[in-house]
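In case you want the letters, here they are:
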Amino acid sequence: MKEDFKKRTVITPEGKPLEIDPVKDYFSDARPKVHKPANPVIEKFANWARANSLWVLGFGTGCGAIEMRPLMTPRFDAYRYGIQWRPTPRQASVFVISGYLSVKTLKRVVRTYEQMQNPKFVVGLGSCTINGGMYWDSYNTINRLDHYLPVDVYIAGCMPRPESLLHGFEELKKIIKEGRGEGANKYAEEFDWYKANQKKVIKDWDMPDYNW
Amino acid sequence: MDFGFKHILYALLTVFIVLNYGLILQGIVRKIGARVGRRYGIRWYQPYIDIIKNYAKRSTITHGVMFYIAPVFRLTGGIGLLLFMPVIFGSEIFSNFSFAGDLVLVLYFQFFGVLGMALGAAEGGHPYSAIGVSRGLSQVTAFELPLTLGVLAIAMQYQTLNITEIVAAQQGGFLSWTLFTNPFATIAIMFSFLGAMGRSPFDVVLAPQEIPIGPPTEFHSGLLGVLQLNRAIFPAAKLILFMNLLFGGATSWPELVVKTFLIYMWSVFVGTVFPRFRVDQSVRWFLVVPLTIAIIAIILIRF
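Respectively, the protein sequence lines represent chains U and R. For what it's worth, our numbering labels the leading residue of the first sequence as 1, then goes sequentially. For what it's worth, our numbering labels the leading residue of the second sequence as 1001, then goes sequentially.
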């Protein structure tokens, strides 16, 4: 753990000693809760809205991010399918893991994923998220994304073209409309298993177990 | 002003119509922006889906009391602006709570939401919120100056602080609009209007690419839904205000739709042509060009 995050005593301006625990001060360590779907009729309507308003978090984790740019520009224009960019995890609902995921990025990905609000969906883009792809024996990338985050849709390819990305988003829409996009609840239910997997690869774990 | 139960129903009706108009306007304007960029663009009803989706989010986290109150303040700013001026001139139903000094109150409501947002964003604790709010407050302060001077020029011209009377004075042909009777005040106010709409070149407050989304960075789920409702009502209310002050008001809904749409297009066209100002540039611009014109307007009124 980094020096800055260790528990320490500081002297306040009034001259009194004060115990601080930066990890607890900066983040919450409450476990995620399972949010049960509401009444089926309402949920069906809500799922329709969720499927038609996919706010993608603008976080390119790997080389696949380069394929997400043409999506928004005139050639492919994903806006017409209700897909929009959102720069902050609080408001985004879809997290696209674009390509290989190094362990260093995984730490940021876990924190970002946990800051997103339920329901949230993960799209694994490129072969690297399925089995490691061309990086399968690399010392610093993870091989299977669904060991660390609940993934809804994989888009295979190296690189998948924007057309296949659009197809992947359409698949995600089908999954959401059928009510199968419960990744956030799955993450909450299998929390210990996901955490154990994450801690196995992230060596410098200087954050609480859950940080929203 | 006599006040009865029916006025509450009338007010709710006004808010409902203006909300829907604002949402559709938002969708259409984004579509026009996309077509200018040679894209197909979003569906015109996308703003509705976005709001439903945000309300349908299952979890919310809190940063404290002000974090909850800020969106309410913001929405109060929008609805307050709308409800204290006549939406349709001469209509009993859509005259709302217009009273003798409503012009002053309406100017206050312009600023109200930003202040509430500043408190909420500070409670959210995100550094980008703080940057966004500081930019927002400085820009709002800068364009309020020419706006207030222009509005004062109009108030001096018509010798009243009542928007209904200002609209009444402009009836009888388009040559009696403030646009023609007081062009300097109109120019100053329409330049401030560009800042008030927060579109490019004055969209550095939200700055979607540069500082993620500005003041509402931390707001999510239903809280963001409230902010989105305001984002539909507030611009529509401002359009109606400027239409009342400068372009003779409206005596029917179709007239209102045509006039406000054309006024909105002024900021949209400027926005699609000119790139974004930095905040120091925009403050400097507001304090040089529109302010000079507003001062000329005030001086001309005196003589």
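Bear in mind the hints are in silico, worked out from the structure with no lab data behind them. Every value quoted in this text rests on a predicted model; they were computed, and no experiment measured them. Incorrect hints may have been included.
[Unchecked claim] Cross-link-like lysine-lysine pairs, in silico, DSBU-like; alpha carbons within 35 Å at most:
#	chain 1	residue 1	chain 2	residue 2
1	U	K6	U	K199
2	U	K24	U	K199
3	U	K200	U	K2
4	U	K7	U	K44
5	U	K174	R	K1031
6	R	K1259	U	K177
7	U	K44	R	K1031
[As the list claims (entries may be wrong)] Stretch-level coverage of chain U by chain R, calculated; a stretch enters the list once three of its residues show a Cβ under 8 Å from a Cβ in chain R:
#	region
8	109-119
9	199-208
[Unchecked claim] Heads up, incomplete: computed chain U residues facing chain R, CB under 7 Å, no partners named:
#	residue
10	S53
11	D77
12	H167
Glycine included, C-beta positions come from ideal geometry on N, C-alpha and C.
### Broken hints, by number
Per hint list: 4, 6, 9, 12 violated.
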